[in-house]
Amino acid sequence: MSRFAMPLLRWYKKAGRDLPWRKTTVGGVPPDPYAIWVSEILLQQTQVSTVLPYYHRFLSNFPTVQSLAAAEIDDVLKCWQGLGYYARARNLLLAARRIVDRFGGTVPLTLSELLTLPGIGRSSAGAILNIAFSQRHPILDGNVKRILVRVFCITKDPKERQVTEKLWRLSESLLPKTRADHFTQAIMDLGATICTPAAPKCDCCPVSRLCKGYQKGLQNKLPIRPVRKKTPHYDYVCAIIRNGEKVLIKKRQETGLLGGLWEFPGGRVSNLCSDASPSRGSKVGMGFIGKSLNEIIEKEVGQSVALTPLGLEIKHAFTHFKMTIHLFAGSVRKSKTQLPLKWVPIDQLKEHPFSSAHQKIILKLQNVRQSRRDLWCG
DNA sequence: GACACGTGGCG
DNA sequence: TCGCCAAGTGT
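Each position in the first sequence, counted from 1, maps to that position plus 73 in our numbering.
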């Protein structure tokens, strides 16, 4: 066993985290590969504290791969609502169906088979085999990358292909012959609790003695980050269109940004004069861009819409852009619709998966309800 | 190889 | 307010 694995495993025994997916069982026999798989997908690009409530909710809704495979996408997305990266939920459902159809309902236990499943890449496949089946496969997630970059004092951008390949080789080389599953969870715990992105606690680190980055005092500089372009800002409009107690909502196309989620009809305005945005210092309002506005909403709704500005807006930030959504009240003539449009009683909105941005809209409308009775409950 | 893909917390 | 950051994968 390497000089790296030995102290790490000793540390893990006393300081490792107690996480729910580490004590899963099937009929009393641990572990449950399905639960491990679900946890790995939930944890992609997402911290443990964020995942915990989702993990419990997801497994109680879909306790087995069969139950997931039989589910509808709206129910899976509803369970995923607010977590982000919704392609994970779509792919999880697709993969569950494929496991039932092609793998007899059992999570496959080879790397090549796992890699055929949507949403499972090299790192997640390695983690599943490693943790669920005690197979000796390396992983390379954010934690492992950061640790390796520091321990081996790699001063180049880890995103470069050659650097990534080197990190995979290093991850593989450190993996002990036995207890690879403990090692993998140990190194992730180390990254999450000691070798953190900012202010790593090197004083408490079991491998600081052999950390080249620490020896050179570079632990706070690594990994190096290439300068990021600043994210653009876009203005959106959306319409709260009511008919009695019902509201018109629309399901987004199944792929791409927020794919499959429901939202209030609207879209991006390209020719919004900067003066028209109250959020940027003016009280001019949205009136004079009315034409383009109606075009956007009417294209979404498929009929003419009478719009009134509500003087409300919500702001939201994605990884790659920021947006301000300007809210309007709308009314239409025809109440007949077909998917992806749907009239929904207001109290049934919560049955549908919405993005966080549109959840903010719902909250905002509920909050102004007292003073603006006209807007939401009539 | 570069970019798309969410969200909430933090300094 | 803003940029950075977190258990990656798909195109």
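The reader is advised that the hints may include incorrect statements.
[Stated by the list, open to error] Within a straight-line C-alpha distance of at most 25 Å, the following computed DSS-like cross-link-like pairs (lysine-lysine) qualify:
no., residue 1, residue 2
1, K289, K302
2, K324, K423
3, K323, K232
4, K323, K239
5, K239, K285
6, K388, K294
7, K229, K323
8, K229, K151
9, K151, K303
10, K319, K229
11, K415, K151
12, K409, K319
13, K324, K239
14, K303, K250
15, K407, K151
[Unchecked claim] Derived Cβ-Cβ restraints for the label pairs, each shown as a range:
no., residue 1, residue 2, range
16, G178, G329, 56 to 62 Å
17, D230, V441, 27 to 33 Å
18, G317, G100, 50 to 56 Å
19, D420, G177, 20 to 26 Å
20, D147, G178, 20 to 26 Å
21, R341, V441, 21 to 27 Å
22, T237, S207, 21 to 27 Å
23, R130, Q439, 51 to 57 Å
24, E368, T237, 43 to 49 Å
25, L182, L330, 42 to 48 Å
26, G177, V300, 48 to 54 Å
27, G317, S343, 32 to 38 Å
28, L283, G340, 21 to 27 Å
These are calculated hints, taken from the structure and not from any lab test.
All of these numbers come straight from a predicted model, not from anything done at the bench.
The beta-carbon is built from N, C-alpha and C at its ideal position, and this holds for glycine as well.
Hint check, failures only:
Numbers 1, 3, 4, 6, 7, 8, 9, 10, 13, 14, 15, 16, 17, 19, 23, 25, 28, in rising order.
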